[in-house]
Each structure stands twice: as structure tokens, then as C-alpha cells.
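Asks: Protein chains in written order, with this note's numbering: chain R, 1 to 99; chain H, 1 to 306.
Read the hints as simulated data drawn from the structure, not as lab findings. Note that CB positions come from ideal geometry on N, CA and C, so glycine has one too. Possibly wrong hints are sitting among the right ones.
[Claimed, not checked] Taking lysine-lysine and the DSSO-like style, the derived pairs with C-alpha atoms no more than 30 Å apart in a straight line are:
1) R:Lys-57 / H:Lys-24
2) R:Lys-30 / R:Lys-92
3) R:Lys-30 / R:Lys-58
4) R:Lys-19 / R:Lys-31
5) R:Lys-57 / H:Lys-144
6) H:Lys-226 / H:Lys-87
7) H:Lys-166 / H:Lys-24
8) H:Lys-169 / H:Lys-24
9) R:Lys-57 / R:Lys-19
10) H:Lys-169 / H:Lys-144
11) H:Lys-87 / H:Lys-144
12) H:Lys-53 / R:Lys-19
13) H:Lys-196 / R:Lys-58
14) R:Lys-19 / H:Lys-166
15) H:Lys-196 / H:Lys-166
16) R:Lys-30 / H:Lys-226
17) R:Lys-58 / H:Lys-169
18) R:Lys-19 / H:Lys-196
19) R:Lys-19 / R:Lys-58
20) H:Lys-226 / H:Lys-196
[Unchecked claim] Far from chain R, some chain H residues (derived; all Cβ distances over 12 Å):
21) Leu-17
22) Glu-21
23) Glu-28
24) Arg-37
25) Ser-64
26) Ala-97
27) Ser-220
28) Lys-226
29) Ala-228
30) Ile-230
31) Pro-258
32) Arg-262
33) Ser-294
34) Asp-299
35) Thr-305
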Amino acid sequence: MFQITIDDTDEQYACSETKHVLAGMQQLGKKGIPVGCRSGGCGVCKVRVLEGEYASKKMSRDHVTAEEEAEGVVLACRIFPQSDIRLSVIGKLNKAVNR
Amino acid sequence: MAMTGILRPGHVQLKVLDMEESLKHYCEDMGLLETDRDDQGRVYLKCWDEQDKFSVVLEPSDRSGMDHMAFKVATEQDLLRFESNVKNFGIETTRVAAGELNGCGERVRFTAPAGHTFELYAEKEQVGNGISTTNPAPWRRDLKGMEVIRFDHCLLYGDNFDENVKFFKEALEFQLTEQIVDGDLQIAAFLTCSTKAHDIAFIRSEESGKLHHASFLLGSWEEVLKAADIISMEDIPHEAGPTRHGLTRGKTIYFFDPSGNRNEVFAEDSYVYPDSPVLTWHADNVGQAIFYHSRQLVDSFMGVTS
Ligand code: FES
Ligand SMILES: [Fe+2]
């Protein structure tokens, strides 16, 4: 198990290397990273990894460019921790109904 | 024959990040059947009770979302008529050659005001539903997972909302069945080309050309509960339901495919005739309009698209 720290709120939770960073947060009822599709397609869980190692799965290029991915801007639902991780939140949910 | 012109949603082409994971989801878990593949790596699927060769095309991509949605028209004359309707509305059309999608005739392609690509076609190879046309059995015994019956509709988010609804009503001859209004402003429009509660629906948005969900029909509430069990058994990202919609009365559950495209499976919704009144939900009842029991919006349901 690795410790994930959300820099913005100082929220911490444990996440195993078999779970993506968003699933780890959700499973423990923790909050801080917006939760959407949990499959790399909607972009709401976008984060910047400040410290730590991870393995990643493919993420939609509509939300993360190759350059961003290279500098640690990723989708939390597509990264699997390989060390403790500190990250800050970039993504946000659109407001409910557009008026 | 009462049903003419545009008959039904014929297929949706979805962009997927990983084909193997997507096929597991759509075929093993939802129960669609693979019918073909092509040299672009696209995989063709159908729901069991559909007669046509495919209703879902999975396209390998580095992004998620909907490539296009296509409607089947009754005749070649209808194809010409709607092509000129679209042009007269001021929207450019192009033609896609027969066979560009395996087994599909020539398609008329255009971008509607809300930013989505749509196509119309008159011909598609029919492969049948696997049941004899004489003394037909009521169902097939070789199905998997949720056993979805047909591709039913898409709900899309887009801008130029009023123009888009006008386009569907005037150029494509759809009928408005239900709506959500906030004062004078229409924020959701459910539209049909048939007698279904909707064949397509739109939500007013600042973003252009987004997919909210692609939806598939089930036979009963019991089957919606079975779908919910499969969603948990297979660890599929779940969002809302089983519950009932106020809009359309459908009994429903929402989840995501492995590329983050939202799916719905539902049963037992309402129907319309050409002379049915439009049903209106007011914005102060939007929670009930969408989730009839909890009467509360779900943040991700309103804010997440692909
Ligand atoms: S939750 Fe949709 S991309 Fe992560
Ligand atoms: Fe739907």
C-alpha cells in the first residue's frame, strides 16, 4: 500500500498498486479529486503529480496531451501508484445544468 | 404504412482507447454480438434482436467519445429528400461511399448545429436476429451478460441548442416528446422519429458535440436489476440506478465503458403518437425529472461527458 496525498486539501489515503488512484480515494469514501467515468475518457479527474512514481493506462488525448502526460499531468483514474504520491487537482466537474 | 422517412437510430460509432477491453464490455458484459471487423481496425456489433448487420461500431482511437450517429431512412428517395432538407436549412452535406462501413449503403453526412456528426442511409445488409421467420422462437438461448435487445437512443450535450432542436424538427422531421424548461429557456429536448419516447435527446451545454450516453433496451425491470448485478460482478464503473426516470418513465441504470463513454440500459418507457401532447418538466423539478425516486441530481451525471 502507498500513501496518496492531495496537496490542495492535505487529504491522505492508502492505495494499492492494483487500484487506480481515483478508485483508492473513492473506496475509502475520501474526497478531493472529482469523480466521473473512471475510465480515462471524461477528464474531470485530471491531476498534476508533484512527487512519486506510477504506472499508467491510455488516457483520452482530448483531456491530456502527450506533452502534459510526460510532465506528470495525468488522469487519476488511469494511474496506479508505485510509490507514495503527492498530487494537486486540476480537473473539475462542469456545473449541473447550463442556464 | 404509417412510419416513413427516418425510421430509427441505425448505429453509433464510438471511439475506444482499448479494443480488447471494449469488446469484453460490449460483448461479454452487455451481450452484443460481433458481426465483422475491417482493415481500419473497427469492430462491428449488433444487439441480438436487430435484423441489420450492426448497430454499434467500435473505432480504435487515442480519444473517447462519439464519432457519429446514423439514422436509417425508409427509401433512397427519402435519402435524397432529407439531403436537400439539410442543405435548405443551410447545413453542408457530404456523401460517404457505399461499403466505407462494411455492409452499409451510401451515407449522407453532416454536422448538426450542436456540433455532432450525423449520417443518414437507406441500405444496410440484414443478417437477421438469429430466430427463424417461420414459427419464430421468442428469444435466443446463446446470449451473454445483460442481453441487450437493441440500440435505442443517444443523449447528447451541445451548444447552439435552439437552432439544433429547430433543425431536428424542421429538416429531419423529428417530433418533440418531452422537455425541461427554465422559464422561457428549453434546457433539454427529447425527440423522436418514431413512436418511441425518444430516439435522440439533447441537453443545452456550452460545449459542442459531446456524448452523454448511448442507450440500449432491456425487456423488464428484472433485467435492469440483473444488469446492476453484472455491473458489480465485473467491477464496471457505476454511476446511477437502478431507478426510474421522470422523463420518459424509463427504468434505468447508468455506467461507463472502458473508455469512459457512458452507457444506459433501460426498460419499460413510454410511447407517443404524432398527436400526443408534449410533456414538460420545470427546472425546479429537474431532480425528479431525471431521477424520479431520489429527486436529486447526481453531480457527475450532469457534468460528465465524453
Ligand atoms: S474520471 Fe473520467 S477521466 Fe478519470
Ligand atoms: Fe437515455
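Asks: All the hints need checking, so say for each whether the structure fits it.
Replies: For each hint, the structure was consulted:
As the CA atoms of R:Lys-57 and H:Lys-24 are separated by approximately 17 Å, the hinted pair is consistent with the 30 Å bound. In summary, the hint linking R:Lys-30 to R:Lys-92 is supported, as the alpha carbons are separated by about 16 Å, within the 30 Å threshold. For the proposed pair R:Lys-30 and R:Lys-58, the alpha carbon gap of about 25 Å is at most 30 Å, so the pair holds. This hinted pair checks out: R:Lys-19 and R:Lys-31 have alpha carbons roughly 16 Å apart, not beyond 30 Å.
For a cut-off of 30 Å, the pair hint linking R:Lys-57 to H:Lys-144 stands: about 27 Å separates their Cα positions. Restraint check for H:Lys-226 and H:Lys-87: the C-alpha separation of about 45 Å exceeds 30 Å, so the hint is violated. In summary, the hint linking H:Lys-166 to H:Lys-24 is not supported, as the alpha carbons are separated by about 39 Å, beyond the 30 Å threshold. Between the alpha carbons of H:Lys-169 and H:Lys-24 the distance comes to roughly 37 Å, so the proposed pair goes past 30 Å and is violated.
Annotation: proposed proximity of R:Lys-57 to R:Lys-19 holds, straight-line Cα distance about 12 Å (limit 30 Å). Among the hinted pairs, H:Lys-169 with H:Lys-144 is inconsistent with the structure: their alpha-carbon atoms are about 38 Å apart, more than 30 Å. Distance hint between H:Lys-87 and H:Lys-144 is unfulfilled; the C-alpha atoms sit about 43 Å from each other, more than 30 Å. Distance check on the hinted pair: H:Lys-53 and R:Lys-19 sit about 38 Å apart at the alpha-carbon level, beyond 30 Å; violated.
The suggested pairing of H:Lys-196 with R:Lys-58 is violated, with an alpha-carbon distance near 37 Å, which exceeds 30 Å. As the CA atoms of R:Lys-19 and H:Lys-166 are separated by approximately 46 Å, the hinted pair breaks the 30 Å bound. Between H:Lys-196 and H:Lys-166, the direct Cα distance comes to roughly 19 Å. Compliance with the 30 Å bound is thereby established for this hinted pair. Restraint check: the Cα-Cα separation between R:Lys-30 and H:Lys-226 comes to about 29 Å, which is no more than 30 Å; the hinted pair holds.
Annotation: proposed proximity of R:Lys-58 to H:Lys-169 is violated, straight-line Cα distance about 39 Å (limit 30 Å). Only pairs whose Cα atoms come within 30 Å are accepted, and R:Lys-19 paired with H:Lys-196 is rejected, the gap being roughly 41 Å. At most 30 Å may separate the alpha-carbon atoms for a hinted pair to count; R:Lys-19 and R:Lys-58 meet this at roughly 15 Å. In summary, the hint linking H:Lys-226 to H:Lys-196 is supported, as the alpha carbons are separated by about 24 Å, within the 30 Å threshold.
Taking the minimum C-beta to C-beta distance to chain R, about 4 Å, the non-interface status of H:Leu-17 is violated against the 12 Å cut. Residue-level check failed: H:Glu-21 sits 9 Å from the nearest beta carbon of chain R, not beyond 12 Å. The Cβ of H:Glu-28 sits about 16 Å from the closest Cβ of chain R, beyond the 12 Å cut-off, so the non-interface label holds. A cut-off of 12 Å between C-beta atoms confirms that H:Arg-37 is not in contact with chain R; the least separation is 20 Å.
Listed as outside the interface, H:Ser-64 is inconsistent with that label: its C-beta sits roughly 3 Å from the nearest C-beta of chain R, within the 12 Å cut-off. Residue placement check: H:Ala-97 keeps its beta carbon more than 12 Å from all beta carbons of chain R (closest about 28 Å). For H:Ser-220, the shortest C-beta to C-beta distance to chain R comes to about 27 Å, beyond the 12 Å cut-off, and the non-interface label holds. The claim that H:Lys-226 is not at the interface with chain R holds, since no C-beta of that chain comes within 12 Å of its own (minimum 22 Å).
Every Cβ of chain R is farther than 12 Å from the Cβ of H:Ala-228; the closest lies at roughly 17 Å, confirming the non-interface assignment. At roughly 16 Å from the closest C-beta of chain R, the C-beta of H:Ile-230 stays outside 12 Å, upholding its exclusion from the interface. Look at H:Pro-258: its CB is around 5 Å from the nearest CB on chain R, not clear of 12 Å, so calling it non-interface is violated. Not every CB of chain R is more than 12 Å from the CB of H:Arg-262 (nearest about 7 Å), against its label as outside the interface.
Every C-beta of chain R lies more than 12 Å from that of H:Ser-294, the closest at about 14 Å, which supports listing it as non-interface. At the 12 Å boundary, the C-beta of H:Asp-299 falls inside the reach of chain R, the nearest C-beta of that chain being 5 Å off. The beta carbon of H:Thr-305 is not kept farther than 12 Å from every beta carbon of chain R, the shortest such distance being approximately 7 Å.
The structure is inconsistent with the numbered hints 6, 7, 8, 10, 11, 12, 13, 14, 17, 18, 21, 22, 25, 31, 32, 34 and 35, although it conforms to all the rest.
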